[in-house]
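> Residues per chain are reported as follows:
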Amino acid sequence: MSTPVQIHATMPIAFTINGNPYSADVEPRRSLSDVIRDDVGLTGTHLGCEHGVCGACTILVDGAPARSCLMLAVQAEGADITTIEGLADGDTLHPIQQAMHEAHGFQCAFCAPGFLMSAVALLAENPSPTRDEIRQELSGNLCRCTGYETILNGVETAVALMAGSGAASAVDNLGAPE
Amino acid sequence: MKNPPFIYHRPESLDEALGLLAAHGNDAKVLAGGQSLLPTMALRLGPPEQLIDISHIPDLAKISVAPDHSVSIGALVRHAGAERSNDIARNAPLIHQAMPHVGHRAIRTRGTVVGSIAHADPAAEMPAVVLATGATMVAQSSAGTREIPAQNFFEGYLTTALRPDELLTEVRFPEWATTSGGAVVELSRRHGDFAMVGLACHIQISADNIEHAALAFFGVGPTPVRVSLVESQLIGQPPTADVFAAAAAAVSATLSPTADLHGSANYRKHLAGVLTVRGLTAAAAERIGAPA
Amino acid sequence: MSAQTSGLGFVGQSVKRVEDDRLLRGNGQYVADVSPEGVLHATFLRSPMAHARIASIDATEARRAKGVRAVFTGQDVVDASHPFPPFLMLPTMYTPLHWALSADKVRHQGDPVALIIAESRYLAEDAAELVEVDYEPLAPVANISQALRSDTEPLWDKADGNVMFDTYHDYGDIDAVFADADRVITERFSCQRQSNQPMETRGSVIEVDPDTGHLTVHNATQSSHMLRWLIAALAEKESMLSSVKGIIAQKERRKAFSAGIKAFMAKNKEEMAKQDNTGTVDQIKRDKATLLHLQRIGLGLLGMNDYPTVVAQDIGGGFGAKGSIAREDIALAVAAIELGQSVKWIEDRVENLTDGGQAREEDMTVALALDSDGTFRGLKVDLIMDQGAYPGFPVGAGFVTQIMKVMFPGAYKWEAFQQRSRIVCTNKGKYIPYRGPWANETWVRERIIDIAARTLNMSPTELRRKNMFGDEDMPAEMITGPTLDETMSTRKTLDHAVELMDLDAFETQRAAAAAEGRFLGIGFACYHEAAPGPPNFTDSINPGTGVLTAETARTVVEVDGSIKVITSQMPHGQSHETTYSQLAADELGVGLDDVTLIWGDTSRTPFSFIGTGGSRGGPMGGGAVRGSSREVRQQVVEKAAQMLEAAPADIEIVDGNIHVAGVPARGLGYAQVAAAAAADHGASDNEAFQAKCDYEGKGDGGWSCATHACVVEVDLETGMIDIPRYVVVEDCGPIINPAIVDGQVRGGVAQGIGAVLYENSAYDDDGNLQATTYMDYLIPTSMEIPHIEVHHLETLSAGGENDFRGVGEGGMIGSPAALTNAIEDALAPLGARVTEQYLPPTKILELAGIIAPD
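Chains S, G and H, in that order, give the protein sequences.
Note that our numbering has the first sequence beginning at 1, numbered continuously upward.
Note that our numbering has the second sequence beginning at 1, numbered continuously upward.
Note that our numbering has the third sequence beginning at 1, numbered continuously upward.
In short, the hints are calculated from the structure, not lab data.
Bear in mind that the values here come from a model prediction, so they are computed numbers and not experimental data.
Incorrect hints may have been included.
Stated by the list, open to error - A few chain S residues that don't get close to chain H, going by computed Cβ distances all over 10 Å:
1) 3
2) 17
3) 23
4) 125
Claimed, not checked - Derived Cβ-Cβ restraints for the label pairs, each shown as a range:
5) 21/S x 634/H: 56 to 62 Å
6) 365/H x 260/G: 29 to 35 Å
7) 789/H x 190/G: 18 to 24 Å
8) 260/G x 270/H: 44 to 50 Å
9) 89/G x 787/H: 33 to 39 Å
10) 161/G x 127/S: 43 to 49 Å
11) 182/H x 259/G: 42 to 48 Å
12) 502/H x 259/G: 38 to 44 Å
We put the CB at the ideal spot given by N, CA and C, even for glycine.
Full structure from sequences and hints, please.
Next comes the structure, spelled out in structure tokens:
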């Protein structure tokens, strides 16, 4: 038998985020996005609408894309979560980040975290999508600045980078001092 | 837009969950994928007092095929899992045809097939698929199990035949006959939006004649609807363009959708006719193209 | 990723963005990411009714709720603050005074009536549900036609019903021209209400220093100085006595203020003399309280001890919405001051759709007088704008109607022009500038020209070309006043667009499609915009408004050689960090990464009225950056020349190596030269070299121009529109960063596509907003935006330097016109006439006669 968690009471949860274990006591009503931003302190995941349409809050849950505003934190029990902060390997950028930089992907970049995570999920399942497939897969993420052209270019660039290298780790940090 | 407070339950067994539903009834909502429930909570539209999270109940995530080739989908099967399932592809292909229209990938990661059916949004695909295939809803309560046929399940806007103490634990789709062809067609304002009008279409063709037709429209009223008048007119007819056009006209004349921000009533009536042709044509092509 | 080094010159290249590293890693600092220790969270209680009196409000239960620190009702805020004053008082205009929260009356769904401060946003929202408000409904004023009637409930006591502005402007002899012309073509157009909808909503975090009470305001604002000034003016209301005492005590401030005013007036004497004060007089006559509040605000500002600091770092888009000062910002400041504690408000999306900024709802009856050979003679416009319930600050509907007035004639020659400008108020969210706020002048003008072409059986592009200004006409003037020069290159963009679209090939394509029962259409739209425009541009809008337009930047070389550029611009997607770094790096001969841009912090940045907006970032902001960097370079070169015992003219700087030409091995670095300069004259504030540039624009011209052209296919079964080809030929002069320009154009076109096919801030007859979530306000996704071809012309002006002209707004100016022209062209065989901007599938099929309206 489980015990109900009363209003304003908390319950323990534990998950892994960007490879690090996290555990805390949280109110069941708190969204996963709020817990990630406010409790774990990773503010890279953004809130654009809080009702599951804009996609800015997209993270990976056990490798699959999910809208973190449409999850209660307690639903992430035992999950392996990846956010935008978990993409780079120390100084070394993930190919999708590198690619977006080269393709002038974003302008205000508020939507970028959601796009990056959606793109990572797409390429994990389909390493060589067509432009139409990319366009369709990313249609769940809204951008108001770019008209999407450069974001699609960025994903295509990432496809090339990831196919070409295998040495994804050879990608340098941006603007590193010489 | 932060969630209101509620009492949170995480039952560890089906019996426990059913006991909670018996105790709380109308004050409770079931949480599976949450993709329909959580936006309404964030908007504080009639939040539940009690939230019953069924995701930790074992054995609810199964997809199983019975000897009679019916396929059962458990309450915790995510849309993404259904998309990947070969059992569903073979035995309930209409579900697969609906999937590309269901939201976006991130929604399908979390949302459940059965949850969508229980939520019964009139513009959603799964309830119409249920209606078009004549699926059976298996509802369990602490009083026992009840099987509800599709035609009795959808009662009104966001309202099903489920009693407050019942949990929809599985939906069983009947055998998909070798003479069957299916299609799901819809039109939405943007890709991935709820349909303005949609059609889940299932026909059976044998010896060049339509033997069975189920046209389940969504987005045209408070529940998905089958247009039985038109369906019966199709029986015994060949699957030709003229026949489909006549069916389309009859559908437009019969349905009475309401207007909303996204489309007028006349527009929806018209669109239902257009989709009738598109749906029937695609379903017939699929059947005729299918290996014998 | 290799660092980008100088040598070829960064300006003109698509250099990659300096800001990307932190943004792509998720290390941006947007306002929602700011969380001071112990900060309290705010939510607003908002009216569910469109129009009602507040009979009573009881926050007792709410104040007792868990975690609640305070509840401020409307009256609490009215008592503690000044109302928003009118900013631009045009003749016949009435601007009602209003406070940050509403106390006696609510005037739109979402009107804020209480502010709840609690330990978390969750708890604040819980408590908000416990505030009891007794509303007495009033008849709603739901649309323009209701607002024009004299028997509808007035929103504002001192207004003339619900008409807030009504004025005519005439150029040339309009009656004579209309009488003389062969034909007059008339049509009435209406544009739906739209919303800016940046992906980041508005927000404010106000930190209060526990010892001094100093406010530091983190805000997603396009204009940090304006926000600072307004919080100081409105939220720090003191008694008259303490204001006067403060003024006496603040002797230094008083002196500085007077000196500042004197300098301002001396500099702008001519401008100020042009100002017509009848508007101010009208306003004060109608509402004497205006003068009283302005005086009190002035005294308060003079006597104030300490103005707040405003800081804005990363901003998630604005498109004009974040240039307005929000009522919520002022209410939050009142709360912070009263509580002495830091408070945070992040707007949610429902709030943003409700009152985060709406625009474009205009009703325009147009008459075009022309001769049978297609010569344009005269243009008449009767414009009615629906400004919603509350006036925007600082730029509201009135100013926009006057920009429209100036730009309506477009790139064409006219003998006469007349515009009647009316503004009505209704029970809706407020009207604020939205990217190219005047854009409906292009929409309507380009539509009526197409209609005229069809009526006269002339080619739409030839009819345009025939009447357009060209180089051979220059210098010239628009009929509404602004000077034109060769930067007004619209005709060149039209010619190039026509070439690209290959009209003959298109007609073949169209015929083939028609044979298959498919409907294709082609549409063009031509315009020019002031970016920043000639010196007399603002005068044409309203005499004397030119006082607002200087732009400042400062370049600094610190004692250790590091280079900072400090701008009053506020990047929120325009990539100023990169483009300004390009400009400065080229002037100073250093690498892109050697320049750090500083913006958004009022304690470090120079004053600017407008901040970022009005397409000023490139030309004005860029001009100031270049000017100040050039001056610093000169100082550095002189010092280095002294150190190297050479003449300044012989010094070169390449990749940060400051050397005598031809002797790079014996060069100096910035660090060495800076250290030497600091040793000479001491370095205040760690600055070895610095220069400030107040840039007021160049001589003549400063126009950006474009032609948009597109092909559409209309599906007559579904009413859906496909856009197989979209072309922009734009000319914004020399380009600092082509990739960034392309991005701005495409983003603007995407918003135009949204405007025509998807977006509608619709209200029902009871004043209920229908599109309160993203399920109903439809932002186009990647599936709805086609590939957009962008072609650049780079016309130089005779003035030479600092030719960069603005481009941020243009994409949105041309697109609704090009699209609706193409759609009407496709449906022309069916006799359709497109008079609305919003064309969802239902409307398309109604226009095509396939379905009847319900």
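> Taking each numbered hint in turn, which are not upheld by the structure, reported in ascending numerical order?
Number 8 - this is the single hint that the structure violates.
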